[in-house]
Amino acid sequence: MARTHITTVINGDEVDFLSEDSTSLLNALRDEVGLTGAKEGCGTGDCGACSVLMDDMVTCACLVFAPEADGATILTVEGLADSGELHPLQQCFLEGAALQCGICTPGFLIAAKALLDKNPDPTETEIRYALAGNLCRCTGYDKIIRAVQEAAIQMRGN
Amino acid sequence: MKYAAPSSVEEATSLLSSSPSAQVFAGATDVVPQIRAGRPVPDVLVDLKKIDELVSLTNDAEKWTVGAAIPTVRLTEDAAFSGEFPGLSEAAGLIGSDQIQSRSSLGGNLCNGSPAADSVPALVVNGARALIAGPKGTRLIDVSDVVTGPGETCLASDEFVVEFELDRMPSRSADAYLRMIPRTEMDIAVVGAGARIVLSEDGTITDAAVALGAVAPTVVRVPAAEEALVGTLADDDTLVAVAAAASDACNPIDDKRGTIDYRKQVAGVLAKRAVLIAIERAGQRNGDV
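Chains A and B supply the protein sequences, listed in that same order.
Residue 5 is where the first sequence starts when you use our numbering, and the numbers rise one by one after that.
Residue 1303 is where the second sequence starts when you use our numbering, and the numbers rise one by one after that.
This is chain A alone, in the form it adopts within the complex (with noise of 0.2 Å):
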């Protein structure tokens, strides 16, 4: 199969790689660039624990097909700290406790960037309904929910 060459930046660095066409960005990421922050869950959009930032917009990398991906601005979990610092949402879910296995944290460090890249001073509701789009199986939302209004406050006070 013949394979395309695709021309991304991901995590502000010019990335190519060459991918099959029916390979999803989600694979691609973990396979070809090395990137195994992106989790799959389920595979089917469902989930979000693939979760990425195209373009700036919060999407499953499981949908994607990596083709697609040409020419695109993309941000993983791998993206998040600057220079060694984790970003103020990594470290209120660290001390926040707001993970367990872990596989589902990525999407929502993702997810929830995208709702504070847009809204900054989000209600509970605002920021249950973003996150409606990952689920988690092991600790339950309330720490992930806590964590984000934490990191939240942190964001605007900097």
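Keep in mind the hints are simulated off the structure, nothing from the lab.
Keep in mind the model is a prediction, meaning the values are calculated, not measured.
Quick reminder that beta carbons are idealized off the backbone N, C-alpha and C, glycines included.
Treat the hints loosely; a few may be bogus.
As the list claims (entries may be wrong) - Just some of the chain B residues that point at chain A, by a computed CB distance under 8 Å:
1. ARG1338
2. ASP1349
3. ASP1400
4. ILE1402
5. MET1488
6. ILE1490
Claimed, not checked - Covered stretches of chain A, as calculated for chain B (at least 3 residues, CB under 8 Å):
7. 65-72
8. 86-100
9. 133-143
10. 148-159
On the provided structure of chain A, position chain B as indicated by the hints.
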């Protein structure tokens, strides 16, 4: 499976004509799960998002033109569009999570052919037309005529929806859409109800459209409810008649999300409520749009 991203409608139709099992897609939010569930893999996947018309949102004095592949988040976040069609905008915004909203489209929601597609009753009550492209050119048909059964449309395998046309919403007119699901978010409609109401200056209903989703093999209009509304002020007796007509128009299935009796009853309740919301909105829309 090959991926193709044509940049014109003509290029796309010729690709479809030359590839027997080609499949168009916009966000692939239905296509990927269907392939994963075992549906035959197409030989070519034709991405429609690189064609300008498919991703344009424009208006003139007469109508809005809505690209069939526009991510629904762009419709809900467009203040002018969602202000003029709040019901359609809310219906489009109910399709899945934020992750899905960046991919889902009105064209996909329609052509997937689900009886429960949220945006379809809202398109139907607004009299939306679909511009369909094929190898012989284009044709404009009513959205209500596109879906012929669950998963089935009247489109040939080498045709696709380019864009939707919606007449500008006159003053004292408005739409609404409500759906019932057993939880708050992330589910498929048990019942969906769309309504569009036109009021005269004194508040009398001069035109009405009511359509239901998820209660029959396709979205259904409810002419008896529409006739009951026109010429009235939507008094209690009229609303009872609207609810009864909506329940009567249902031909639902029994499944894990709702029984036949439950769907019929909820259809009546939702139709009535959607009409009341549309009336309230219409009353607030005075003067030029």
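With 8 Å as the cut and Cβ atoms as the points, is MET1488 (chain B) at the interface with chain A? holds (5 Å)
Between the region 65-72 of chain A and chain B, are there enough contacts, at least three residues with CB-CB distance under 8 Å, for the coverage claim to hold? As far as the region 65-72 of chain A goes, the hint holds, because 6 residues have Cβ atoms under 8 Å from chain B.
Within the assertion that chain B covers the region 133-143 of chain A, do at least three residues meet a Cβ-to-Cβ distance smaller than 8 Å? Check passed, 5 qualifying residues.
Satisfaction of the ASP1349 (chain B) interface hint, Cβ to chain A closer than 8 Å: Holds. Min distance 6 Å.
8 Å C-beta criterion, at least three residues: is the region 148-159 of chain A covered by chain B: violated (count 0)
Should the hint that ARG1338 (chain B) touches chain A count as held when the rule is a Cβ pair under 8 Å? holds (6 Å)
Under 8 Å, Cβ to Cβ, is where ASP1400 (chain B) needs to be relative to chain A, so tell me if that hint holds or is violated. Check passed: Cβ of ASP1400 (chain B) comes within 5 Å of chain A, closer than 8 Å.
Is the interface hint for ILE1402 (chain B) satisfied, with its Cβ closer than 8 Å to some Cβ of chain A? holds (6 Å)
Tell me if the interface restraint on ILE1490 (chain B) is satisfied: Cβ within less than 8 Å of some Cβ in chain A. At 12 Å from the nearest chain A Cβ, ILE1490 (chain B) fails the 8 Å test, so the hint is violated.
The region 86-100 of chain A covered by chain B? Criterion: 3 or more residues, Cβ-Cβ distance below 8 Å. violated (count 0)
The earlier numbered hints that this structure contradicts are 6, 8 and 10.
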